[in-house]
Structures are given as C-alpha cells and as structure tokens.
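Each chain, letter by letter, is given below.
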Amino acid sequence: NAGVMQNPRHLVRRRGQEARLRCSPMKGHSHVYWYRQLPEEGLKFMVYLQKENIIDESGMPKERFSAEFPKEGPSILRIQQVVRGDSAAYFCASSPGRNQPQHFGDGTRLSIL
Amino acid sequence: GENVEQHPSTLSVQEGDSAVIKCTYSDSASNYFPWYKQELGKGPQLIIDIRSNVGEKKDQRIAVTLNKTAKHFSLHITETQPEDSAVYFCAAPMNRDDKIIFGKGTRLHILP
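Each protein sequence line maps, in turn, to chains A and B.
Reminder that position 7 of the first sequence reads as 7 in our numbering, one-by-one numbering, no gaps.
Reminder that position 70 of the second sequence reads as 70 in our numbering, one-by-one numbering, no gaps.
Incorrect hints may appear among the rest.
Here are some, though not all, of the chain B residues that point toward chain A, as calculated from beta-carbon distances under 7 Å [as the list claims (entries may be wrong)]:
no. : residue
1   : A29
2   : Y32
3   : P44
4   : I47
5   : R51
6   : K68
7   : K71
8   : F89
9   : G105
10  : P112
Derived from the structure by calculation, the hints contain no laboratory data.
Don't be surprised by glycine CBs; every beta carbon is placed ideally from N, CA and C.
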C-alpha cells in the first residue's frame, strides 16, 4: 500500500517562472492538505481540499498560489511568477476523512534562483 | 489566536535515558493531538496520537499524556536509542476543523 507520493522531490525555478507540485494521496484517502516548511521551522498549513472542492485555503497567499484536487489525478499546488521567498519544502498530507490522522509525503523542495 | 507552543527546541539525552517533550495549545475545542517524527530529507511521520477522551496512550517505548484542563500534552520516549534522533513535532487541530497547527519542533539528539 503506497504512501503519499509527491513529485518532483526537487524543483528548481528562476524568478518569474511557474512551479507545479503534485501529490497523490494514499489509496482510499479523499482529503488532501498542503503545508509549507522553511528550514529549522515547523509546518505551516496552506490549504485543505477534498475531491473537486477547496475546503479551507486560509493559509494560502491570495496571489500567485492556487491548488486543486480534480476528480481524477493528483492534487496540484501551483505557484505562478515565483519569487525567492517561495523557496521552501512543500509537504502534502492525506487522510481518509475529517479529523482522521494525516499521513505525509516526503515533500518537494523548491529552490528559486 | 491559534497557537501551539512546544518546548524545548533542542534536547540532548544519553542513550538509554528518557526524553520528554511538552506542548501547550490555545483552542479548548481541540480534541485530537498527533505527534510526528521528521528525519532529515523526509516528511513527518505520525508516531502516536491521542484523543481528548483519554489521558494517556502508550505504544512500546513511546507514550503521550494529555491534560485537557491545563491544555498540555507531552511525548515521552523511554530507553532512547540512536535512531530516535530526529525532529519531533506536536500538533493540534483548530477551530473544530482539520486545520492542524504545528509546534515549532524539538530537535532530539541521542548521545552515545
């Protein structure tokens, strides 16, 4: 039973480009969460999605950032016109339902040149 | 506001001794408290969790205690081993939903 799969593991972009981060939840999980982690810090909640719905995006910047979890395929976190400050590790977690344990992927490390 | 405080930020323990990490939370409605272990280059791994209807839960060398009145919960690792070295995070949901707030983490070093 595969865990949460994130790709790519490492992503390098130049300022102004777009970054797309993918997350495939664990089998049977329909709830997906995205978090951001800066070095030596904890994880900051960004967005919570169920299939085809954004449930809570209170932690996501209003501009340049978007997330989706389509009926088919992985969840996507999209960052447009990246800036140096977007450099971080982005983690995805999934759970089978509300208030259930969240299981994390190994993250995508985004570096902005 | 929503907050989870975690202490200490760094902890060094002799191999075989016990380690204790403490957290406090602000939302009295929180009812689920997971602990995660994160190794270098990996994602957080859920190691134990506790719900508010119990005061203590144990799994082999790991235990978690919860004091809902004081809004404290703690992780206890006994008979520590080198592979316990990692960063540990406590977390609590806020606002009756699945938005989880993480503590800032404790870097645990197990000394030989």
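Exercise for the section: Could you check the structure against the hints above and give me the numbers of any it violates, in ascending order? Expected result: 1, 4, 5, 6, 7, 10
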